[in-house]
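Number of protein chains: 2
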Amino acid sequence: MIETSPARRTQAERREGTIGALLDATVTCLTERGYAATSTAAVCAAAGVSQGALFRHFPTRQALLVATAEHVATRNVEAFRATVGSDVETVDDVVAVLSHLRTAVLSPANQTWRELLVAARADADLRAALLPARESLQAQLLDTAADLWVDRLRGDDLGAVLSIVVNMLDGLAFSALDPDPTAAPGRTVERALRLLAEMVVHLYPQQENR
Amino acid sequence: MIETSPARRTQAERREGTIGALLDATVTCLTERGYAATSTAAVCAAAGVSQGALFRHFPTRQALLVATAEHVATRNVEAFRATVGSDVETVDDVVAVLSHLRTAVLSPANQTWRELLVAARADADLRAALLPARESLQAQLLDTAADLWVDRLRGDDLGAVLSIVVNMLDGLAFSALDPDPTAAPGRTVERALRLLAEMVVHLYPQQENR
DNA sequence: CAAGTTAGATAGCAAGCACTCACTATCTAT
DNA sequence: ATAGATAGTGAGTGCTTGCTATCTAACTTG
Chain Z
1 MIETSPARRT QAERREGTIG ALLDATVTCL TERGYAATST AAVCAAAGVS
51 QGALFRHFPT RQALLVATAE HVATRNVEAF RATVGSDVET VDDVVAVLSH
101 LRTAVLSPAN QTWRELLVAA RADADLRAAL LPARESLQAQ LLDTAADLWV
151 DRLRGDDLGA VLSIVVNMLD GLAFSALDPD PTAAPGRTVE RALRLLAEMV
201 VHLYPQQENR
Chain V
1 MIETSPARRT QAERREGTIG ALLDATVTCL TERGYAATST AAVCAAAGVS
51 QGALFRHFPT RQALLVATAE HVATRNVEAF RATVGSDVET VDDVVAVLSH
101 LRTAVLSPAN QTWRELLVAA RADADLRAAL LPARESLQAQ LLDTAADLWV
151 DRLRGDDLGA VLSIVVNMLD GLAFSALDPD PTAAPGRTVE RALRLLAEMV
201 VHLYPQQENR
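Line order of the protein sequences matches chains Z and V.
With full-length UniProt numbering applied, the first sequence has no gaps in its numbers, which climb one by one up to 210 at the end.
With full-length UniProt numbering applied, the second sequence has no gaps in its numbers, which climb one by one up to 210 at the end.
To be clear, the hints were calculated from the coordinates, so they are not data collected in a lab.
We treat Cβ as the ideally placed atom computed from N, Cα and C, and that holds for glycine.
Take these hints with a grain of salt, some might be off.
[What the hints assert, rightly or not] If you want a taste of the chain Z side facing chain V, the calculated C-beta under 8 angstroms gives, among others: (1) 33; (2) 40; (3) 137; (4) 159; (5) 161; (6) 168; (7) 171; (8) 189; (9) 199.
Please put together the full structure from these sequences, using the hints given.
This is the structure in structure tokens:
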């Protein structure tokens, strides 16, 4: 209580702490209030710091948003890697992977990423600033998928299947207007995921698939 | 030149004219500037009218946006109907349909619709106002597809396939950051569309498909 | 401990926003 | 032709925005 005075933190710790709080606050603001309503004031209120603190560490609002994008991009890759990790044999296995992928795509991190991508479409500066992170993420997704599924799908088909699956799940997330999009998938979506799983498994049936 | 004085229009004509100009201007503003930058001033500038004219016909900005949504929704249904109209037999036929569907999804009308849907996710009022148009559009899409493909796909699979295709194309449109998204499809996307076409054709191969 | 540097708080500013209001122009009905 | 209604104008209002300037608090270094 005496020697470990709680108000004693090194400058780097303070800095890192508030930056982390700002990034997390930006993620929550983006997911539950949208891009336009993610004002610097709102982020500061959610993070519990003043506006001066924000503009000390980020020269502009866009810089904060770009930093947030890179922050969530790494999380997204990790979530994808964890999801696809299990080995698949039967159609049911693939369905399970797709279901997990769906919840991953609906996570706040992915929601944030999507929100920023949409905003970038109308803002050339943001688009340019987001480009490297975007290409890096896409490449990492493809590499991860190739590592784990290379014996199942050939190069061309891998990219195509990945494009179908993630774009479909993204489209689903975009058009999900429910307050809680993490709810049950719904019959149509479940059937759609099964069709995709059957497509994946039957693409190369010469192996010992069921 | 004399009897048809160009400055002689009935009130209804004037009204309809400026309303149409405002709706069209809103569409172009939304597609090429995004939701946030579609201010009343920007729309009025694009339409060539004053702000007072806008607020005479639409009590609020949101009313203008909702009217625009309903305006493009009908266009979207028509474009979909025209696209799916041709009868399909071979895989190549389905690929052609999907390609046309892709360009339809990338059209300004559909882009506008998507922009409004995304904005509605963060705005409860807009979401509620858009709900009827949204349900009507979805129902019409499904009905149209059922009319034309009912002999090819059974009820459950119809919705699932439709969900896969339109969500994938929507996701593709969302993540297309190019200034001109109507450009060539790209190898991966072409392969993806072919895979989907094969899936559709092989779903019920008992008929006289190739 | 003192001087210097970094972190954070607060008040305020110019610009842009949705929207209003007093007014003019145009059309319609008597 | 005249009166009343509708369409359209453009300056103005209050509010929010991203960002800055000024200041205090906390940490680091000699």
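Practice task
Have a go at the residue 168 (chain Z) hint: is there a Cβ in chain V nearer than 8 angstroms to its own Cβ?
Solution key: holds, 4 angstroms
Residue hint residue 33 (chain Z), partner chain V, criterion CB-CB below 8 angstroms: holds, 6 angstroms
Return the status of the interface hint for residue 199 (chain Z): holds when the least beta-carbon distance to chain V is below 8 angstroms, violated otherwise. Residue 199 (chain Z) check passes; min Cβ-Cβ to chain V is 5 angstroms, inside 8 angstroms.
Point to revise | chain V contact restraint for residue 137 (chain Z) - C-beta distance below 8 angstroms | key: violated, 11 angstroms
| message | Would the hint on residue 159 (chain Z) be counted as holding, given a Cβ-Cβ threshold of 8 angstroms to chain V? | response | holds, 4 angstroms
query: Can we keep the residue 189 (chain Z) interface hint, with Cβ of chain V closer than 8 angstroms?
result: holds, 6 angstroms
Q) Against chain V, is residue 171 (chain Z) within 8 angstroms by beta-carbon distance? A) With a closest approach of 3 angstroms, the residue 171 (chain Z) hint holds.
Interface hint compliance - residue 161 (chain Z) to chain V, C-beta minimum distance less than 8 angstroms = This hint holds: residue 161 (chain Z) lies near chain V, its Cβ roughly 7 angstroms from the closest one there, short of 8 angstroms.
Can we keep the residue 40 (chain Z) interface hint, with Cβ of chain V closer than 8 angstroms?
Since the shortest Cβ distance to chain V is 15 angstroms, the answer is violated.
Hints 2, 3, counting from the list given before, are not met by this structure.
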